[in-house]
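Top to bottom, those sequences are chains S and Z. Here our numbering is used: the first residue of the first sequence is 11, the next is one more, and so on. Here our numbering is used: the first residue of the second sequence is 223, the next is one more, and so on.
These are computed hints drawn from the structure, not numbers from a lab. Careful: at least some of the hints might be erroneous.
[As the list claims (entries may be wrong)] Okay, the calculated bits of chain Z under chain S, using three or more residues with CB under 8 angstroms as the criterion:
{"no.": "1", "segment": "270 to 284"}
{"no.": "2", "segment": "295 to 304"}
[To be verified] For each label pair, taking beta carbons as the anchor points, the in silico distance ranges come out as:
{"no.": "3", "chain 1": "S", "residue 1": "93", "chain 2": "Z", "residue 2": "256", "range": "44 to 52 angstroms"}
{"no.": "4", "chain 1": "Z", "residue 1": "363", "chain 2": "S", "residue 2": "109", "range": "30 to 38 angstroms"}
{"no.": "5", "chain 1": "S", "residue 1": "146", "chain 2": "Z", "residue 2": "410", "range": "51 to 59 angstroms"}
{"no.": "6", "chain 1": "Z", "residue 1": "356", "chain 2": "S", "residue 2": "424", "range": "49 to 57 angstroms"}
{"no.": "7", "chain 1": "Z", "residue 1": "363", "chain 2": "S", "residue 2": "276", "range": "40 to 48 angstroms"}
{"no.": "8", "chain 1": "Z", "residue 1": "356", "chain 2": "S", "residue 2": "104", "range": "29 to 37 angstroms"}
{"no.": "9", "chain 1": "S", "residue 1": "363", "chain 2": "Z", "residue 2": "488", "range": "18 to 26 angstroms"}
[Unchecked claim] Computed list of lysine-lysine pairs in DSSO-like fashion (alpha-carbon distance at most 27 angstroms, straight line):
{"no.": "10", "chain 1": "Z", "residue 1": "684", "chain 2": "S", "residue 2": "351"}
{"no.": "11", "chain 1": "S", "residue 1": "363", "chain 2": "Z", "residue 2": "301"}
{"no.": "12", "chain 1": "Z", "residue 1": "352", "chain 2": "Z", "residue 2": "447"}
{"no.": "13", "chain 1": "Z", "residue 1": "646", "chain 2": "Z", "residue 2": "666"}
All residues carry an ideal CB built from backbone N, CA and C; glycine is no exception.
If you want the building blocks of each chain, they are given just below.
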Amino acid sequence: MHRRTLAELAAGLRKKEFSSVELTRHYLERIERGQPALNAFVTITREQALAAAEAADRELAAGRGGPLTGVPIVHKDIFCTQGVLTTCASRMLSNFVSPYDATIVAKLKAAGTVMLGKANMDEFAMGSSNETSWYGPVRNPWNPELVPGGSSGGSAAAVAARLAPAATATDTGGSIRQPAALCGVTGIKPTYGRVSRYGMIAFASSLDQGGVITVSAEDAALVLGAMAGFDPQDSTSVDTPVPDYTATLNDSVEGLKIGLLKEFFDKGLDPENEQRVREALAVYERLGARLQEVSLPNLPLSVPTYYVVAPAECSSNLARYDGVRFGYRCENPRDLMDLYKRTRGEGFGAEVKRRIMTGTYVLSAGYYDAYYLKAQKVRQLIARDFERAFQEVDVLIGPTTPTPAFALGAKTSDPITMYLNDIYTIGANLAGLPAISIPCGFVRGLPVGLQIVGRHFAEAKILNVAHVYQRETDWHLRVPPGWA
Amino acid sequence: MEWETVIGLEIHAQLSTKSKIFSGSSTAYGAAPNVQANLVDLGYPGVLPVLNREAVRMAVKFGLAIDAKIARHSVFARKNYFYPDLPKGYQISQYELPIVADGSLEIVLDDGTRKRIGITRAHLEEDAGKSIHEGLPGVTGIDLNRAGTPLIEIVSEPDMRSAKEAVAYMKKVHTLVRYLEICDGNMQEGSFRCDANVSVRPKGSDRFGTRTEIKNLNSFRFVEKAINYEVARQIDILESGGKVVQETRLYDPDRGETRSMRTKEEANDYRYFPDPDLLPLVLDDAFIDEVRASLPELPDQKAARFSEQYGLSAYDAGVLTASRELADYYEEVVRRVPGEPKLAANWVMVELAAALNRDGVEITESRVSAGRLAGLLNRIVDNTISGKIAKEVFEAMWTSGRDADTIIEEKGLRQITDTAAIEKAIDEVLAANPKQLAEYRAGKDKLFGFFVGQVMKATKGKANPAQLNELLKKKLQG
Chain S
11 MHRRTLAELA AGLRKKEFSS VELTRHYLER IERGQPALNA FVTITREQAL
61 AAAEAADREL AAGRGGPLTG VPIVHKDIFC TQGVLTTCAS RMLSNFVSPY
111 DATIVAKLKA AGTVMLGKAN MDEFAMGSSN ETSWYGPVRN PWNPELVPGG
161 SSGGSAAAVA ARLAPAATAT DTGGSIRQPA ALCGVTGIKP TYGRVSRYGM
211 IAFASSLDQG GVITVSAEDA ALVLGAMAGF DPQDSTSVDT PVPDYTATLN
261 DSVEGLKIGL LKEFFDKGLD PENEQRVREA LAVYERLGAR LQEVSLPNLP
311 LSVPTYYVVA PAECSSNLAR YDGVRFGYRC ENPRDLMDLY KRTRGEGFGA
361 EVKRRIMTGT YVLSAGYYDA YYLKAQKVRQ LIARDFERAF QEVDVLIGPT
411 TPTPAFALGA KTSDPITMYL NDIYTIGANL AGLPAISIPC GFVRGLPVGL
461 QIVGRHFAEA KILNVAHVYQ RETDWHLRVP PGWA
Chain Z
223 MEWETVIGLE IHAQLSTKSK IFSGSSTAYG AAPNVQANLV DLGYPGVLPV
273 LNREAVRMAV KFGLAIDAKI ARHSVFARKN YFYPDLPKGY QISQYELPIV
323 ADGSLEIVLD DGTRKRIGIT RAHLEEDAGK SIHEGLPGVT GIDLNRAGTP
373 LIEIVSEPDM RSAKEAVAYM KKVHTLVRYL EICDGNMQEG SFRCDANVSV
423 RPKGSDRFGT RTEIKNLNSF RFVEKAINYE VARQIDILES GGKVVQETRL
473 YDPDRGETRS MRTKEEANDY RYFPDPDLLP LVLDDAFIDE VRASLPELPD
523 QKAARFSEQY GLSAYDAGVL TASRELADYY EEVVRRVPGE PKLAANWVMV
573 ELAAALNRDG VEITESRVSA GRLAGLLNRI VDNTISGKIA KEVFEAMWTS
623 GRDADTIIEE KGLRQITDTA AIEKAIDEVL AANPKQLAEY RAGKDKLFGF
673 FVGQVMKATK GKANPAQLNE LLKKKLQG
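All chains, please: the whole structure from these sequences, using the hints.
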């Protein structure tokens, strides 16, 4: 069953080829067998899953329910889930049982999905290798010595190893697309404001966006359709209608103007990785799309810009973890200062602390203008570069990452090389644009991703562009050895 | 050396919205700790703020009432600091782009002159919770019911030159926010409080001295006392050759003094930056016009109208318009006692005010309603009773809760207007005081008052005073 896509599973459920309970049991067994090797989960919610599956079966038996009724999914542990541990992979929240559901969790619940568990991730979504988790690193199903990418490493690894047909994820600087690329799965980050952030534990509020990791673009269209939409509880969510993303998946790409970002094909790009991207572009050309080189002159500034804006917001967002009302609290605090210092000192990991300190610094009196304000200005310039590019082309296509997955521990000692792994993905976050990563082949036996960036709210377009490629190729259907 | 005091106030007024500024919890005062704090107020992981439109409307109302600029585009910013009563580790406020800027109010000084006090800005922000020490030995309790209550912080220019001016300004703002029905003005509950920035400089100097900020003053009396104490303290320091330290100070009402809380060096770096969870607040002209149309008659407008329409002095008009309720009461009395606005003004400002003050009762809970007071005044106007007897009747009305006519009848206080009866009383008084009569007739005019008093005494004050005067004059002339 697990070799099927989510769309096929949903169809099977409706045709009663199998029940949701059977499907759920099947995935729960795979998760329990896979967890020791991959560590993709923080929490497995067996009982709740089976109860939800039974309820879904009743709905299906009564001829009710929607396209996702009975479909098992996994939530990244950054999304609040009522009555279920919600840790953000941090010691700080290692005892936090959320009293409420995030909006997308509630929406997917209402759509009839069955939550299998909570996916491991980088602590507070800060990381590109899933090595900063308090619960230990996630391993890449294609090679357990390698990282799955991050921060949504658990979500990507779970889908890649077919421990779940879909996993929600979040993307602040590439946290959906980069692990999707490194694990050989499909991951979409929608337009900023398309998916509610309510109940999604904040890292950098102006960049964070929820999305989903699936096997195929068609699957992503199905799940995103249920997640997206205006939420009165999130002032930054946008009140525009959600189209049926599946309706336009098969639109022709003939005459589609594809922009190749000059800045993406730079010397940092692994030549073999570049080769896979060029091959994918040839597929589009064959389908009648037109390729055109475009330049975003300010894009090379995206990494430094991001590493000012994101830490600044994070330093403030994470101030609420003070040991007073919820979460981790140090033993026997002497006084208030001691409570703050030891709770935060013991509750946060090194990368989170590094970003809080960086963020505190760039917002400080005397440094604000030179760092934060300047970064915001550069951010505007980068957004304008994208706007200009989209006057010429319909989508931008390039690599998702410079290289395939790297070894565990390879970059942990050097934050800058780690940060550079997000060089191709950060731009879309800074400009708030939708982007998707889909598998486009292998480099030295490891999957690499093709990134498609669209105009604001052009999710339907990038899903369509991704889907027509997946009709022509089967990279996305490849399963890591040992997980078939 | 002669010194000049320079004062600026930052007034915090809690907006009387039903729910909090960024969440749906109730803002009602006095609930058990933490029952009015939802997940947003508690700063739980993942929650987000949603702006309360009513708070915006109220801030705009205030801005229009002080003739300020209403920002078409204003921005919420985070003020970052750690404190247990601040759940998120930051307060959502407005920093560089406040909703209201550049307004002013006029105060009336003791000598009757008017002075314009500039208002630099007024911005929206959320209140923090409270730390509780009372009844909790060895620990600190946190009550987050107040966390997220909407405030406007009203920042004045350093335009005030004495504690009295500061109090006059604060009272003016207090009156205004209550007129606008945007704040209940309850200072005991902390709905209206201020921080005072105080400095002194040699008279004539055009540079400001080093200032101190006195935090959290929650009564007009404390504002006056704290500023006067602080001014004296600063002058002492300067005159003995010292330097005032820029710092935040706390006023201790029990000791009547201010003491240091933290110096500038210890001050937080608040690391303000625009709150990415909230979009910039954009207001259009239609909204502002709609709010403008909803403004009530403002205190100054009302006072001017009272002077004009009722022929009152500026002072009286000012007193009677100090609150909307008092002004409404007065106008109700005037409506029911046609043609006697001054009589009504005197009664409201003297007898009624004294009774309210004595019993600590608000005008809205007055034991003598405007209608009842008008009933009493009408008996003065139609000569049923004298003004003096009316005071007695008023006291009886206040204590018994009954109306004037009932009391007049019951106590037989109806005025004597029968000429024969008054003449009889005069005759008796003159007969009983032959010595005084002789002295009067010998030219001691002052004794006229003595005879008036005696007749009034004999008639238990009920003789019509005008008639008495006339008849007495005739009789004395012989």
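Check your understanding: Taking 49 to 57 angstroms as the hint, is the beta-carbon distance of residue 356/Z and residue 424/S inside that range?
Key -> holds (54 angstroms)
Check your understanding: In this structure, is the beta-carbon distance linking residue 93/S and residue 256/Z contained in 44 to 52 angstroms?
Key -> violated (21 angstroms)
Exercise for review: Given that the segment 295 to 304 of chain Z was listed as covered by chain S, double-check it with a C-beta distance under 8 angstroms for 3 or more residues.
Suggested key: holds (count 3)
**Study point:** Per-stretch coverage check for the segment 270 to 284 of chain Z, three Cβ contacts closer than 8 angstroms to chain S
**Key:** Held - the segment 270 to 284 of chain Z has 4 residues with a Cβ nearer than 8 angstroms to chain S, which meets the minimum of three.
Review point. Range hint 51 to 59 angstroms: satisfied by the CB atoms of residue 146/S and residue 410/Z?
Key: Taking Cβ atoms as reference, residue 146/S and residue 410/Z lie about 55 angstroms apart, which means the hint holds.
Review point. Do the Cβ positions of residue 356/Z and residue 104/S conform to the proposed distance bound of 29 to 37 angstroms?
Key: About 35 angstroms separates the Cβ atoms of residue 356/Z and residue 104/S, which means 29 to 37 angstroms holds.
Point to revise | Restraint check for residue 684/Z with residue 351/S, where alpha carbons must lie at most 27 angstroms apart | key: violated (81 angstroms)
Practice item. Given the hint that residue 352/Z pairs with residue 447/Z, test it: the Cα-Cα distance must not exceed 27 angstroms. Key: OK: residue 352/Z and residue 447/Z at ~25 angstroms, within 27 angstroms.
Exercise for review: Go ahead and decide if the range 18 to 26 angstroms is satisfied by the Cβ distance of residue 363/S to residue 488/Z.
Suggested key: holds (24 angstroms)
Exercise for review: Starting from residue 363/S, check that the Cα of residue 301/Z is at most 27 angstroms away, please.
Suggested key: Satisfied, since the Cα-Cα distance of roughly 20 angstroms is no more than 27 angstroms.
**Study point:** residue 646/Z paired with residue 666/Z [C-alpha distance capped at 27 angstroms]
**Key:** holds (23 angstroms)
Check your understanding: Lying within 30 to 38 angstroms: is that true of the beta-carbon distance residue 363/Z to residue 109/S?
Key -> Violated: the Cβ-Cβ distance is about 21 angstroms, outside 30 to 38 angstroms.
Figure legend: structure checked against the earlier numbered hints; hints not met, in rising order: 3, 4, 7, 10.
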